[in-house]
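Dock chains B, V and U against chain L, hints included.
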Amino acid sequence: MSNLLTLIVVLPLAGFLLNGLAGNRLGKAFVSAVGCGLPALSFAAAVAAFRTLEATGEPIVDVVFRWALIGDSAFEVSFYLDRLSAVMTLIVTGVGSLIHVYSTGYMKDDASYARYFAYLNLFLFFMLSLVLGRSLLVLFVGWEGVGLASYLLIGFWFEDPAKAQAGKKAFITNRVGDAGFLLGMFLIYTAVGTLEMDRVNAAFMGPELPAVSASLVGILLFIGATGKSAQIPLHVWLPDAMAGPTPVSALIHAATMVTAGIYLVARLSGVYLHAPEASEVVAVIGILTAFFAATIAVVQTDIKKVLAYSTISQLGFMFLALGVGAYGVAVFHLYTHAFFKACLFLGAGSVIHALGGEQDIRRMGGLAKRIPVTFITFAVATAAIAGLPPLAGFFSKDEILWFAFASEAGGAPWLWALASLTALLTAFYMFRLLWLTFFGQPRMDAETAHHIHESPWSMTGILVVLAFLSTVGGFVSIPHFLEPMLPLPATDEHLHHFEVPLIVVAVLIGLAGLAAAAWLYGGDASRAARLGARFTGLHRLLSGKYYVDELYEAVLGRPLWWISDRIFLRLGDRALIDGTLHGLAGVARLGAAALARIQTGNLHLYVWLALIGIFALLWWSFGHV
Amino acid sequence: MIGQALLWFFAAGALAGGVAMLVLRHPMHVALSLIGTMLSLAGIYAALGVHVVAVFQVLIYVGAVMVFMVYAIMLLDVRDTSFTSRYSGLLIPGVAGLALFIGALVYVLRREGPVGDIAPGATAFRVERFSVDFLHEYWLHFELTSVLLLAAVVAAIAILKAKRRGDG
Amino acid sequence: MSEPAMLNLVLFLPVLGMVMLLLVPRDAHGTVRGLALAVMLLQLALTVVLYQAFDPQVAGLQFETRLPWIADWGVYYHIGLDGLNVLLVLLTAFLGPLVVAGAFSAIDKDVKLFYAMVFLIQFAMLGTFVAQDLFLFYVFWETMLIPMFLIIGIWGGERRIYATLKFVLYTAFGSILMLAAVIYLVLSLQATSGITSFAFTDLYGSRLPLDIQVLLLGAFALSFAIKVPVVPFHTWLPDAHVEAPTAGSVILAGVLLKMGTYGFIKLGFPLFPDAARALTPAVMVLAVVSIVYGACLALVQDDIKKIIAYSSISHLGYVMLGLASFELIGIQGAIIQMVSHGLTAGGLFLMVGMIYERCHTRDLAAYGGLARILPVYSVFFMILTLAAIGLPTTSGFTGEFLVLLGAFDAAWPQYANGAATWPLVLACTAVLGVVLGALYMLRLAQKFLFGESRAPHAPLTDLNLREKLILVAIVAAVFVLGLFPDSFMQKTELAAREYQQQVLVEPESRWVRAAPDGGSP
Amino acid sequence: MDNGQLLVALGAVLFALGFAGLVLRRNVLVMLMCMELMLNGVTLCLVVFAQQAASTAATVLVFLVFVVAAAEIAIAVPIVLLLARHKHTLDLGAYTDLKG
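Protein chains in written order, with this note's numbering: chain L, 83 to 707; chain B, 2 to 169; chain V, 7 to 527; chain U, -6 to 93.
No wet-lab data here; the hints were simulated from the structure.
All of these numbers come straight from a predicted model, not from anything done at the bench.
Below 20 Å or equal to it, Euclidean Cα-Cα: the simulated EDC-like pairs (lysine to aspartate or glutamate) are: (1) B/K162 with U/E65; (2) V/K497 with L/D154; (3) V/K115 with V/D33; (4) U/K80 with B/D81; (5) U/K80 with B/D78; (6) L/K451 with L/E536; (7) V/K497 with L/E158; (8) V/K312 with L/D660; (9) V/K312 with L/D655; (10) L/K451 with L/E529; (11) V/K312 with L/D647; (12) L/K627 with L/D442.
FRET-style restraints, in silico, Cβ to Cβ: (13) V/V382 with L/E632: 35 to 41 Å; (14) V/L185 with B/M75: 50 to 56 Å; (15) L/D574 with V/S493: 52 to 58 Å; (16) V/L185 with L/L666: 17 to 23 Å; (17) V/H35 with L/A676: 45 to 51 Å; (18) B/V107 with L/T682: 31 to 37 Å.
Built from N, CA and C at the ideal position, the CB exists for glycine as well.
One chain only, chain L, in its complex shape (with noise of 0.2 Å):
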């Protein structure tokens, strides 16, 4: 079938359009079969089209529609499948439908059922958009778009304020990234004079490279991707996006969306290769990012903070491994961080269940027994982030460390060193949480404790299905699948003996972690509360996550309001602009006030200046005829 891909994309947009033109008419089971099944058969579509991929070899194209000519510039929609796309559309329809059938049960008693489904759709139509994207201009046609759904999402339960901040938050940050974006988008078009990247690519990697700077541009794009994928400094809009549905969080603030700006990167791997600058930037960024993400995530309460700062951190390991060369990589660990991040939030999202809304942590506790398949799933995925084997978290991020220690392409010990100090970090507070939430004395009140329940199959049936792929998801090379089109960046020969050492001290550093959130928080967890007394200051602006956003009320927000307010619409309209108006139209008044007093009503006066008018002109034309 020649139009598949196309098939793939429109599928959620019919699903979209059902459910949010007819949805509220047609009744729940009828906006379930739809909003799960088109997802599903857009899933299988996508397996059909990966099939045929394996069976060629060769990309598939899916031209559609010219969108604009201009001159000798065409801009068209058109689609484009190869391995790396294959795989995110893969990772996009599949977790997208198991979450899709989780959704029927999590927000079974909700009154904008439809609403919820339409949305969600809407969201894989866009993200599919940005995966099989040709053209730069197709793939922002679906950055775009999935930041949409995100806002709409996230301000789901949009009679709260605080949650429509939110989204609108979400939505302002991305846009930052997006100017990034559209600039590097526009350099690109300048350099190359098209947007489609797989040309590019090709140009970048040509004989003659384009006469511009691959690392500005490189640059430029990484701004977009550090807000799509939430990065310093714009990373202060995911966790404010937990007031979303808990699955919405799973797949679009952890599995799909955010890992836009990775799938970005790597997709224009062309570019970046001929811009270790750039290179260079995205790696210490995601280091860093990567490391204060942990930090903070270690002192947060919300279970879905957490995650949030977890997800954040993760994405960050992702963009060192494509600082340094490694894209492979970096599409292997989004491919595992999908499995257990969306199991992750979907056990969450059980567990609120369970407690009637509770997400406080601190009011947990004891919960393994009362929801077991819950419990264990929530386990394996948490032992899966931190990287413990035979689980897939630990072969993608082992390859991570290794790539950051030793290629070739920016690899040095100081990245791995970091790295693992975060991974170390990331193993401590998974399970921190784990424990918080599932051992020790329940701290629920009598009335919540009594209403605990394990959720329904169609939730906890995902949780089992994406367990089971954060097991075995590991064996599945990515790397090697991919390495036809992203090679491996070159590792030291020297180094090499290190390989296995390094793989020993990852494990330890997941026991490690493990040891240390038992120690102190078995029990009654008064070691915590130790520790933390002793360190207010630290545990103070963890808490605070460094006052991030603070600090840009007050460097950017209140300036831009205050300039807005004061200079442009006090002064600069109102003062300077109608003031000279106003100011112009009293010296018409009191000139036309002067000259009224020659207006006594006395027509004798009148005539008599009448008079002497006819004698100005009289004696004008006396001395000219």
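Chains B, V and U alone, transformed into the frame defined by chain L:
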């Protein structure tokens, strides 16, 4: 020669009437001197041989306009401040203006020299030629004139109605 | 019917409509409204036929009519469609029925006069677009002022007198200068080539010294800049919008503001190409200042109409930027952005009108959570908001993207070869304006649609069928222009290219009309 | 002094006298009549020039001036009547409603 004398005679009459209008106190007297001036002018026209204009001058001005005027004066025979002090506050500026006017006139007449002699009794304004031309070439103007008159009639009526509304 | 005749019919249909309105009894409001809508729909249908018949492969004018008007002065009744005006004519005809239908419930004072004024302004706007003779153009240009003056002055809000005076004085001031420049231009053409002509094509050929060109362009540009409006000539706009009735705001934002930008592209820059090139920095700076300044001001307003009014300033800044880039992509983007702004701002003003009819206030603080109370309304409002932000798949994106790409494309080479850095700085600043756009529009949507549900005069009824149809039409147009702009841009491409040539190509090789029988050089 | 000069001068003097009357006299009706005098002065000049040019057009113009004068007076007199009713005086000094 007689024509020339008549011309001078009527010119003197018109001038006298005009001056009298400035000094006479009673509006009726002013009106009578204006009629005198108009009749003198009619005489001048007749002497020049433009009988059509002369006839119109008498018919329209004296016959219609001034009669209307006289009626108005009789209707409004108010002995108010305009009667007791006939001149406005601008007496001296007004006289000065008049003097300037005359001065300018003299200046121009001396500067420009003769206008060109016009023999009394020239035949340019023959009645039948005028009539034929008027209704052949200037029929549109003729019609427009009637429109103007109609408008004047409507306006006069409107004013009178306005008076009634204002009073009531 | 032949196409030129049809174009004349489209132009004079509003006049016909006015005459027909005269025959309807004063109190038969239903008949008046129905008649007005029918005429507008007929006009739209005819315009669509014309648009379909417009051949994108033909450069220059199509469906031309040229009749002597004041022959002694070389004034002709000369109209025609070309690539620059064809989309704007379509936009005007498209908004006509929506304006009329939108005012069905809002206007119940002097209904007949109101629709007569709408027709008159429709006539004047179409005339301004299709005129190919400077004299005719000026006549239409000035005619627009009168109905707008009355629409704001009679059916406006509390401070309507202030607003309408400000509007008229501003605009009239600009027009006077333009008139002086027009007269000078025609006289100088007469002096140099011996032709007395007001035809655009003749005037394009006149070559004046640079300093004169700068002065004349200044006069034209001031008039156009006030209409656009470009900062700092903009303060009439918020007042006019706030006080105008909905229909007035829609006409104002939808079409009237485009007169300014259309003036630049059709007259200002091509008539004085040397001056245009010399003044490009100033124009671009003003454009970018408008983008940022308008956005910042929109951010701190509490009156919904004012927010949209200031956003118009920002959006038209993009149009100016595209026009002044003299890059084909930028010019095309500017044309699309004009149409797009007409749709989104027009639609938003219509929607504000709809809520105003229900709640009688435009104060943002009075509202909240409308998404719960008025779900259908909110969906439409959200879509138009997103289109105003320039989200991809909407018309706003097409315009903004192409304008920015064009500006950047023009600026980068200058930076790369070391000629000038400022164009690049301006282009980058304009790109940052995209962030501000999201900021103020989302602030509006946020306070208006989300949060706790409250609104004056609750309970409210959601949109009725008439209102839904109006909005569906606009939203459909927004998406068509966002998803499939190609066919529209094909129609404008040749004209955009010609405009670019007129301004950029050095005068030596520019076409100059030969002076007839040895007139003085 | 030839005839033409005489008559043109006469017309000008009549015009000047009328104008002076307009400035000097208080009575509204008298002022109206002064205006008629001015008109007569102008007409006289017109006739003289027409006579010189021997043109019928000028005669037609004279005729039109007459008609205008008649129309003028037909409206002016009712206005004066109204004014007099309203103010109970013909003194122009009392009519200062248009004072700015």
